[in-house]
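Chemist: Each chain, written out:
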Amino acid sequence: ILNVEQSPQSLHVQEGDSTNFTCSFPSSNFYALHWYRWETAKSPEALFVMTLNGDEKKKGRISATLNTKEGYSYLYIKGSQPEDSATYLCAPWGYGGSQGNLIFGKGTKLSVKP
Amino acid sequence: EAQVTQNPRYLITVTGKKLTVTCSQNMNHEYMSWYRQDPGLGLRQIYYSMNVEVTDKGDVPEGYKVSRKEKRNFPLILESPSPNQTSLYFCASSPGRALYNEQFFGPGTRLTVL
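Just so you know, the protein sequences line up as chains A and B, in that order. Here the first sequence is numbered in my numbering, starting from 9 and rising by one per residue. Here the second sequence is numbered in my numbering, starting from 24 and rising by one per residue.
This is chain B alone, in the form it adopts within the complex (with noise of 0.2 Å):
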């Protein structure tokens, strides 16, 4: 089945302590990218990868890191979280480098940081 895979789906966490949110795709996409969904401030983009070892930032890049070592994953990193980085995290994917196609989202990590 074609889908986007994203793990953890629920995150409780403290302050500081490192942590990295999965997502692998299985659709041979270029592009990927993380969002984050706040109320009140609908999806927002974090980064977006357009290729292997191509990323770039997105509106709110600031507290995560990303990489993009093979096609199917790309992993968000947060390196020392804080609780301003709760948030319901989804990453999606796109064929093509541009986005002149759809996106598929994967399932959401909710994550809450204390």
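Chain A extracted, bound-state conformation (with noise of 0.2 Å):
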């Protein structure tokens, strides 16, 4: 089974420091790349989904890059406030068994102190 590492597993900033997070996954047979932002007792939700090399993602102070050709994705938050504490998953698709197989990563977990 496909191997999708996130970097750091748990990061703790205070309000108003930017951060950034990793997702590495192997370079062949890349499709696409999903992150998803889960807060604690609700529902995963989408961020950004990421196809090509080079591919650059803005959301608010949010935002992505993604490297297919070393296999890696950067999530950047900028000014980071109290509600964006929450685990951040990314989900790289194109290597699983069957077609329709999306293997998540195991989330960084963002904590932002006010």
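What the hints contain is simulated information worked out from the structure, not anything from laboratory work. Please read all numbers here as calculations on a predicted model, not as lab measurements. Glycine residues also receive a C-beta, built at the ideal position from the N, C-alpha and C atoms. One or more of the hints may lead you astray.
To be verified - As a list, the in silico SDA-like pairs of lysine to any residue whose alpha-carbon atoms are at most 25 Å apart:
| no. | chain 1 | residue 1 | chain 2 | residue 2 |
| --- | --- | --- | --- | --- |
| 1 | A | K65 | B | Y123 |
| 2 | A | K117 | B | R133 |
| 3 | A | K77 | B | Y123 |
| 4 | A | K50 | B | Q26 |
| 5 | A | K114 | B | Y123 |
| 6 | A | K86 | A | S36 |
| 7 | A | K67 | B | R133 |
Said to hold, decoys possible - For each label pair, taking beta carbons as the anchor points, the in silico distance ranges come out as:
| no. | chain 1 | residue 1 | chain 2 | residue 2 | range |
| --- | --- | --- | --- | --- | --- |
| 8 | B | L34 | A | P34 | 32 to 40 Å |
| 9 | B | L137 | A | R69 | 40 to 48 Å |
| 10 | A | E64 | B | N96 | 19 to 27 Å |
| 11 | A | Y84 | B | G63 | 36 to 44 Å |
Can you join these two chains into the complex? Each is in its own frame, and there are hints to help.
Modeler: The structure is reproduced here in structure tokens:
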């Protein structure tokens, strides 16, 4: 089974800090990369789906970049706020045993202190 | 309101008693999927469906069945539940038959098997 690595596992920052975390995946057979935000006691919500090498996407203070040749994606949060506290999941698509298989990393848990 | 619904939201049952968790979406999505979330293991895909009457195994299909007789519904069936199926279950749907689009998650079903 594909190994999707997310680092760090957890992160504690102060309000106003900018932060970033990494999703690593094999660089072969890549079709797309999903990023989701998952708040405690809620359901995962989509942030981005990225497909092209060099892709950059932005939603408010959150942005992501994609490098399919070396197999990684960065998620950036500018000026973290307490409401950004959540677990951020990545899921590359294209490696599973079958066409619709999506494999999630274990996530980076972000805590933002006021 | 566009949404994915799951029922029941909470269920406590006993080993061996067949149960069904329903999932329904009102967005006319082709792709639907079931995941389970366990501490330390992240979100793992159980089964998915890329269209009506088309289903396929994810990473952890053992002990589960699914069916996709109509586009909006994708029930998860546990024929003989066991304690190791105690978990938080999420259903998700996505437009299109592939994963180039974001998934929309249901609210989750917390299952306890005694």
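Chemist: Give a verdict on every hint.
Modeler: Hint by hint, here is what the structure shows:
no.	hint	verdict
1	K65(A) x Y123(B)	14 Å, holds
2	K117(A) x R133(B)	21 Å, holds
3	K77(A) x Y123(B)	19 Å, holds
4	K50(A) x Q26(B)	14 Å, holds
5	K114(A) x Y123(B)	21 Å, holds
6	K86(A) x S36(A)	31 Å, violated
7	K67(A) x R133(B)	31 Å, violated
8	L34(B) x P34(A): 32 to 40 Å	37 Å, holds
9	L137(B) x R69(A): 40 to 48 Å	45 Å, holds
10	E64(A) x N96(B): 19 to 27 Å	38 Å, violated
11	Y84(A) x G63(B): 36 to 44 Å	27 Å, violated
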